[in-house]
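*Asks:* As you go down the protein sequences, you meet chains X and P in turn.
First residue of the first sequence: 1, per our numbering; consecutive thereafter.
First residue of the second sequence: 453, per our numbering; consecutive thereafter.
Errors might be hidden in some of the hints.
Below, simulated SDA-like cross-link-like pairs (lysine to any residue); rule was C-alpha separation at most 25 Å, straight line [to be verified]:
hint, chain 1, residue 1, chain 2, residue 2
1, P, K721, X, N220
2, X, K132, P, G872
3, P, K508, P, S521
4, P, K873, X, T361
5, X, K167, P, S819
6, P, K619, X, S367
7, P, K721, X, K167
8, X, K266, P, K619
9, X, K56, P, C897
10, X, K20, P, L622
11, X, K56, P, L474
12, X, K447, P, K508
13, X, K142, P, C544
14, P, K721, X, K142
15, P, K899, X, E258
16, P, K574, P, D640
17, P, K472, P, C544
18, X, K147, X, E65
19, P, K873, X, S184
20, P, K679, P, L622
21, X, K350, X, R203
22, P, K873, X, E323
23, X, K269, P, R869
Hints in this document: simulated from the structure, not taken from any laboratory.
Number of protein chains: 2
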Amino acid sequence: MNIVIIGGVAAGAKAAAKIKRLLPDANVAIYTDDTHVSYSSCGLPYYIEGNFTDYKSLLVRSVEEFNASGIEVYLETRVDKILVPQQQVLVCNKDEARLVKYDKLIIATGARPFIPNIKGVKDFSNIYTVRKIEDGINIREKMLKSKRAVIIGSGFIGLELLEAFVKNGLEVEVIERNERIMSSFDPDMSKLIQERLETIEPRSFNFHTNETVSEFIGTNGEVNFVKTASGKEFETDLVLLSSGIVPNSEIAADAGIEIGESGAIKANKLMQTSVPNIFACGDCCEEPHLISGHSVWVPLGSTANKEGRCAALNAAGVYTVFEGVLGSAVSRCLNTTMSMTGLTEIEAEKFGFTPVSAIVTKNDMVSYMPEAGSMTLKVIADKVTGLLLGGQAIGALGADKRINSLASALVGRLTVREFGKNDFTYSPPYSTTIDPLLDAMSILCSKIPRHC
Amino acid sequence: MNIVIIGGVAAGAKAAAKIKRLLPDANVAIYTDDTHVSYSSCGLPYYIEGNFTDYKSLLVRSVEEFNASGIEVYLETRVDKILVPQQQVLVCNKDEARLVKYDKLIIATGARPFIPNIKGVKDFSNIYTVRKIEDGINIREKMLKSKRAVIIGSGFIGLELLEAFVKNGLEVEVIERNERIMSSFDPDMSKLIQERLETIEPRSFNFHTNETVSEFIGTNGEVNFVKTASGKEFETDLVLLSSGIVPNSEIAADAGIEIGESGAIKANKLMQTSVPNIFACGDCCEEPHLISGHSVWVPLGSTANKEGRCAALNAAGVYTVFEGVLGSAVSRCLNTTMSMTGLTEIEAEKFGFTPVSAIVTKNDMVSYMPEAGSMTLKVIADKVTGLLLGGQAIGALGADKRINSLASALVGRLTVREFGKNDFTYSPPYSTTIDPLLDAMSILCSKIPRHC
């Protein structure tokens, strides 16, 4: 039995390890065009920031470990084509091309940074994206010699790199095409994130929203100036492109595998694609949303791991279902935790709910504790049924705790009123007497008809 | 309409404020034998430790604030008797006794420290309990002049004071009658708490389990030595008694109000006692356990607040139900968070479940993050139904987050398998890729029949 896995960062690495344990006699091989396998891409911002000095900390399993457990790993080896009728893949490295037979194929090709079409974007060596190990190493090396940086895009990755750059003493300009930063949050919460970050003093960064980059200008192969459509010009030593990612789904599309509306691969809850014996998992494929029921593309490391495991189990003949995602996510930028789960108010409306929401701002613990910090919670429910739909929390470190409590309630399909029964832990270093999440739910409850 | 409230720390203070808002024309009066009203008793250990210097930070609402909103507060005024047929209470202060008429009476008398019957326990001025504002002030004052302390009892309060004393440079001996510290946890978890605390270096404290105090020996009105039944003798500058609390339910019992098996007042979900027009709330009364359905006595500040609110609403004629508690609790001792919700394995057995459990020890965040710390999670389910029953988490700060995620699932009556769908936030400073709670649930799932 030949198991071929394309890609080996999170989903692919997990799938390989799992399937080899399930089918010890199978030939399991990972093909990846990357120079590394099985690493924490999510940890790159923290490596760049300098939380730890050896990038090898990011490696989960080494090639040697894979080999020792009987898994072949082919680095810098690209799979160029899937030949469906023949159950073969065409693999190429710099020396040779060959055809490899598969009984089960697992596509875990991940995603890649979106490169905006800006004049000069391909001409300079100090324009970076952050996705692979080399990216981290290169950015850190350059950052340590830099005084100024421009970050294009202000989503999770953009703001994580903002923290890294600011903590390393750089002056940073963040340029965002949208009218607000962190646009995966609802507008009211995005606004608060920006306001909160802008209270930091001294502050060595600026946000420029509603602003697009028109041109990179440089000398000797390096960008020195970033020009915007509105005529601003920022001097810089390096540029980070963080304006989103795109799924590596072309090879699947080329093989006739069904692709979702998002551009990522469509897989069912067994991680099977539309083509027999071909599975997909991780950042290259869509997943069902547990609240809306719709297929969504939420490429995250935690999901990739679960999907990799699920694909491996089903490829090995062990029936297993991956139910879907809530879209739970968290990120830290300087003094601010940004965390969310379920649907935003905007998404809820789009999916046909009648969202109603409540917002509270409170300390995450009793105010006399020196570590107490402010946070803002937004909770969202459906006015027709009273069902909880989602929430967002920003601010102090403890914000994330409330989002995970909410995630469990979303999985349990609780109504706001049912959630009100909740009994959270209380002690001054951990919470206020009545947890802020319960306060938010009380307000939300008053906006829901009594029969729900 | 005369509303009389006996006791004004948490439940009583909350009830008073709430009912005055609901019934602005009613006469609302709080009678308390305490010198203070409306304060955070839970914050006393952190005041003693020195997290803040002004004890007034512990006060939630001052007498003046109560008065300004039209609520009378009688400090150092004891209610000695409830005259049920006459709907009156007998109140006494040092100068006078008088009878006060009530239309609705709310008993919020709280609890008091249990004083073990040890030779000399009443003879010395440096033997303390921690419950009231003066206790905190007195202990802190004495602690700052002390080198050694003995703590008797190793529950939440004992260990919180251990932290306070150790952080202030004292050598501390903790004496525990049971075979293990923190016996509200399951034995395996208690053991881990002790082991974890004992890894601290340098360590200026010792635990002595299976040990009872036989005598206090002192001179000039101060204890100098604590003698144990096994013949040990500890020199000390102060003694803290923290061997539990007892409900102040005598006045209710005396009035013929039904008392529960725990010794606390029995109230229904509207916080009504067995006598019309008399409500009870807070640490003096029992509450239903959301998992077992049984009446339990879990005296905690968060519950007191909720019950005070519920009592006020029903006393004012607004039908409101307090559904009960999960027994969620958290405490910090030095480097260790100790947190729990739902039933322990021991309680689960007692209540007729067939508990099965899983334990995992993992970091609370990705190990390459400098703040990462180890934690141990125990999750418990019923083998017959697959329903989650409870959990305990000890270790790094992030332990508490997992317990609150579990609390939401308990409120939703989720099975282990349903919980497995959960989608928690992930980012290196907040979690491991697959949250430790999901790992624990995977193991637990393998112990539950497939049809559950």
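*Asks:* Each hint needs a verdict: does it hold in this structure or not?
*Replies:* Quick rundown of the hints versus the structure:
no.: 1; hint: P/K721 - X/N220; verdict: violated, 76 Å
no.: 2; hint: X/K132 - P/G872; verdict: violated, 30 Å
no.: 3; hint: P/K508 - P/S521; verdict: holds, 20 Å
no.: 4; hint: P/K873 - X/T361; verdict: violated, 30 Å
no.: 5; hint: X/K167 - P/S819; verdict: holds, 21 Å
no.: 6; hint: P/K619 - X/S367; verdict: holds, 21 Å
no.: 7; hint: P/K721 - X/K167; verdict: violated, 53 Å
no.: 8; hint: X/K266 - P/K619; verdict: violated, 57 Å
no.: 9; hint: X/K56 - P/C897; verdict: violated, 34 Å
no.: 10; hint: X/K20 - P/L622; verdict: violated, 55 Å
no.: 11; hint: X/K56 - P/L474; verdict: violated, 62 Å
no.: 12; hint: X/K447 - P/K508; verdict: violated, 36 Å
no.: 13; hint: X/K142 - P/C544; verdict: violated, 77 Å
no.: 14; hint: P/K721 - X/K142; verdict: violated, 64 Å
no.: 15; hint: P/K899 - X/E258; verdict: violated, 38 Å
no.: 16; hint: P/K574 - P/D640; verdict: violated, 36 Å
no.: 17; hint: P/K472 - P/C544; verdict: holds, 24 Å
no.: 18; hint: X/K147 - X/E65; verdict: violated, 40 Å
no.: 19; hint: P/K873 - X/S184; verdict: holds, 23 Å
no.: 20; hint: P/K679 - P/L622; verdict: holds, 19 Å
no.: 21; hint: X/K350 - X/R203; verdict: violated, 37 Å
no.: 22; hint: P/K873 - X/E323; verdict: holds, 6 Å
no.: 23; hint: X/K269 - P/R869; verdict: holds, 16 Å
Going through the hint list in order, the structure does not satisfy hints 1, 2, 4, 7, 8, 9, 10, 11, 12, 13, 14, 15, 16, 18, 21.
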